[in-house]
Structure formats: structure tokens, C-alpha cells
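Chains as they are written, first to last, in our numbering: chain A, 5 to 373; chain B, 3 to 131.
Quick caveat, the hints were computed from the structure, so don't treat them as lab data. Every value quoted in this text rests on a predicted model; they were computed, and no experiment measured them. All C-beta atoms, glycine included, are put in the ideal place defined by N, C-alpha and C. Keep in mind that a hint or two might mislead.
Claimed, not checked - Which residues of chain A face chain B? A few of them, derived with a C-beta cut under 8 Å, are:
| no. | residue |
| --- | --- |
| 1 | Val-38 |
| 2 | Val-43 |
| 3 | Gly-290 |
| 4 | Thr-326 |
| 5 | Ser-330 |
As the list claims (entries may be wrong) - Derived PhoX-like pairs: lysine-lysine, alpha-carbon spacing no greater than 25 Å straight-line:
| no. | chain 1 | residue 1 | chain 2 | residue 2 |
| --- | --- | --- | --- | --- |
| 6 | A | Lys-333 | B | Lys-65 |
| 7 | A | Lys-372 | B | Lys-65 |
| 8 | A | Lys-371 | B | Lys-65 |
| 9 | A | Lys-358 | B | Lys-108 |
| 10 | A | Lys-366 | B | Lys-65 |
| 11 | B | Lys-108 | A | Lys-27 |
| 12 | A | Lys-294 | A | Lys-371 |
| 13 | B | Lys-65 | A | Lys-22 |
| 14 | A | Lys-372 | A | Lys-358 |
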Amino acid sequence: MTNPEQELRRTSLYETHKAAGAKMVPFAGYEMPVQYTGVIEEHRAVREAAGLFDVSHMGEFEARGKEAGAFVHKLVTNNVRKLEVGGVLYAAMCREEGGIVDDLTVYRLGEERYMAVVNAANIEKDWEWMASHHAEDCAFENVSDRIGLLALQGPKAESILGKLIPGGGDLAGIPYYGARYKDVAGCEVLVSRTGYTGEDGFELYCKSADSPVLWDALMSEGGSEGLKPCGLGARDTLRTEMKFALYGNDIDESTHPLEAGLGWVVRYKAGDFIGREKLLALKAEGVKRKLVGFEMVDRGIPRHGAPILIDGDVAGEVTSGTMSPSLGKAIGIGYVPASNAEEGAALEIDIRGKARRAQIVKTPFYKKS
Amino acid sequence: MELPSGLKYSREHEWVRVEGNIAVIGITDFAQSELGDVVYVELPEVGTEVEANNTFGVVESVKAVSDLFAPVSGVVVEANTTLEDQPELVNSEPYEDGWMIRVEMKDDSELSDLLEADSYRAYTEEESG
Chain A
5 MTNPEQELRR
15 TSLYETHKAA
25 GAKMVPFAGY
35 EMPVQYTGVI
45 EEHRAVREAA
55 GLFDVSHMGE
65 FEARGKEAGA
75 FVHKLVTNNV
85 RKLEVGGVLY
95 AAMCREEGGI
105 VDDLTVYRLG
115 EERYMAVVNA
125 ANIEKDWEWM
135 ASHHAEDCAF
145 ENVSDRIGLL
155 ALQGPKAESI
165 LGKLIPGGGD
175 LAGIPYYGAR
185 YKDVAGCEVL
195 VSRTGYTGED
205 GFELYCKSAD
215 SPVLWDALMS
225 EGGSEGLKPC
235 GLGARDTLRT
245 EMKFALYGND
255 IDESTHPLEA
265 GLGWVVRYKA
275 GDFIGREKLL
285 ALKAEGVKRK
295 LVGFEMVDRG
305 IPRHGAPILI
315 DGDVAGEVTS
325 GTMSPSLGKA
335 IGIGYVPASN
345 AEEGAALEID
355 IRGKARRAQI
365 VKTPFYKKS
Chain B
3 MELPSGLKYS
13 REHEWVRVEG
23 NIAVIGITDF
33 AQSELGDVVY
43 VELPEVGTEV
53 EANNTFGVVE
63 SVKAVSDLFA
73 PVSGVVVEAN
83 TTLEDQPELV
93 NSEPYEDGWM
103 IRVEMKDDSE
113 LSDLLEADSY
123 RAYTEEESG
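Whenever a hint applies, use it, and build me the whole structure from the sequences.
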């Protein structure tokens, strides 16, 4: 948890955000932009053109050496052994008992070099957990403070980024969940075709000190294509429309990947990893509850922590909810009993003491037309 | 920040326009700007009794839920149901089509607890540091 007494940290883009008129809020120990011009406008920019986010608060750990791959593989649920150089995968990191320590992406940057990208709020916890399983023949380092991270997301992302790379950079050659080093606006950047919005786009890892140069170059090149700076507010509505899990809201140490809908990143046959045995047992038993997406039928916006009722009884809890700017509807995510998790099932959400009707729907909520 | 003179303002950032014994109530330009995009407004039904400094409804932006506080006591005689479908009026026209409720006042001496435009401006400047 964030200690309120502790001084908030700032990314290298703090002054850039202030100058752009951002409203800054405390988030995971950092002072971060929540919005510039307005959450809905920024959300639409990403769906229709492109948006630029500062996500430098995220944590990066590097593992290098002969055993680096085996070390990371042991810690996460997905198959790191199969990852090729330039490949990226999404995974959960579990305790022995199956609880989720964090969700993360893993990059294979070289034959014997891997990078784990973790949630800002979990940097210390993850570091302790991972370092406690540290293997020999592998250097493990927290490089979070040295790395700046921008997310350029939206249908115009590729054309904007291409203009800043000599010769265009063959961005079309970077597959989804692939990453390549490129010279962008004179900076060395790891260009990763990944994101948290459901749109095509890139996450751009650079030297921390280079992030203002990169930001300014992207903004001045992208302005004519509709690129807008975007804050954490739009990041949250965009990911909620895709039902992408947010650590601390939808998943945490008391949830496991199978009930959270992350079974697709658990690879039992790829070799041992922490939590494997427990997850195999849970799978055999069948999950008791599931994380589902629902739409409100009655008026009201479901918020994190609101009780979910089935036949008048509390059956679960809302983990995320918002007014969806793309759909113009109130949507939510929450855990319900597996026996009541099918599409179309009726729920009620207790919003400020009143039961309001909702219905389980297919997710992602938002689909590209 | 727009602050029409002739209105009364509360420290909870509501405004009141007095029309005889009726108080028209909404939230100020300062409040809507602090909230950001308003996406949901929940107002009391006609006939509901509201009490000064108590909550009478809820306004929600994309990110946050905020209570609405009645600046005066009385009975709700009309609620702006247009806001159900167009909550964004609270942002675009906080003093006109973004009004929220009309209240028949029980005790118009309560109006003297409210601020004039100038002192409300000073108050918001203090609040936002």
C-alpha cells in the first residue's frame, strides 16, 4: 500500500504534464496525470485516432545470464521457455497457494536476457518475491528508475511512430506481442506492439531521461493525426471496456488466475512454476466463482466494492465499473458463483443501498466495428 | 470560472437562484470543472423533503462519485429529469440547463448562510491552494 506520508515520486515527464494542463493525482506512490482535457475526449482519441500515455511508473526488472530464462519461467504461469528473442508474453505470478502476486509481461530481449514489467504498486513486493527465488548464474536487477515508458495507442499509432524512425522502421514487421529496438527521434527505444486499451499500438521503453524528447516528438508529429495526451482516467475506461484485469481491483493475492479468467496464460505442460500444483488441483475441482462482465439494465454506475446480489442475497462483489464512453452504457466486472456466470444471467448490483438490475454480457464489452 | 452575480453559493459548491419562495439548485462551474466529465446524476423525486447541508443526490464523473448537498431546506417541487439522458449539461451549462432541483423553501433565512459570488470566488481560490 502507498504510505500517504511518503513523498510522491515524479516521472521525468512531470513538467511536461504540468505544461500540458494535466490534472495530477497520487497513484501507486507517483504523482501521475489523471486527465488533460477530459477523460471521455481522451478515451475517444484512442479509439478513433491515437493517444499518448506516460506509464513510466511501471516497474522493470532485468534477468541476465545462463539461467535467466529458467529463473523467470519458474516464477510465472505462462511458457517463458517457448519465448523467442524479441517476443513478449503476458502472465500471472502466483504464490504456491495460487494467489496472484502480480500480473506482468515478460520480454526476451536477448539469448540470455529477460525483462519483467510489473505494476507500479507492486514493485517492492514483486522484487522481494522474485529475488527470494533468485537462481545462480543469473543477474537480477531492478531497472525501474532508469526506464521511461510511453504507451502510444490507437489506430493511428503505427503511422505516427513510423514518421519518427529513419526509413519508417518496418513497424508492420513487429507482430502483436513482439518487440524490437529502434531509433525513434534519435533515442534508442524498445518498440513493443502491446498495450492496455484494446487498440493497435505500442509501448515504448526508453532511457528515463529520453522520455521528454520522445514525448515531444510524438506529440508534434501526431497532432495532425489527432494524437492526444491521455491520463490514467482514460487508461482505466479503455481497459475496462476490454475487461483487462487491473491488479488491486479485479485480481489480487486472494484471487487465482483460473477464476479471474486468466486460465489462458497458465501453461501446465511447459514445466514447473510456482503455484502449478495448486492450480492443477483447482482446475480439477472446478472453479467456484468467475470474473464476469455485466451491463446495467437499471440506471446507476457499478463501482469497485459494490455487492452483487442474486435472488436478493449477496453473491459477489463488483471489482471494476464505469460509464463506458464507447458504448454509452454503465458496465462492470465482478466475481459471481460459477453456477450463475453464464451470458444473459440476471444480477442485481447494490448501489448505495438500492438493488439495481444488471445482466451478464459477453466480453470484451467493446468490439471494433 | 463563470460565477454569475445574483446567485447564492454554498461552501459545498452548489448554487441557488431564488425565484420567490422557490430555490433553483445546481452545482457551480468550479465544481463541474473539478469533477470532470459528468456521466450520471441521481436526483430526489418530487415531494422529497431536503434539509440544508444534507445530501439530496449524487453526481458521478467517469472516475468519482460525489454527494450533492442541499443549500436550503424544503420540498422538491421539480427535478431536472433531462439530466438522466444528458448529464453532460452539468458540465456545459452548469447554471442554465444543468440545473438540478427546484425546492420550495421552508425557511428563507437560511439563504443568509450562503455566499455571494465574490466571497465564493475567494473561497474556491483558498480551497484550490
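Of the hints stated earlier, which fail here? Structure breaks hints 3, 5, 9, 11, 14.
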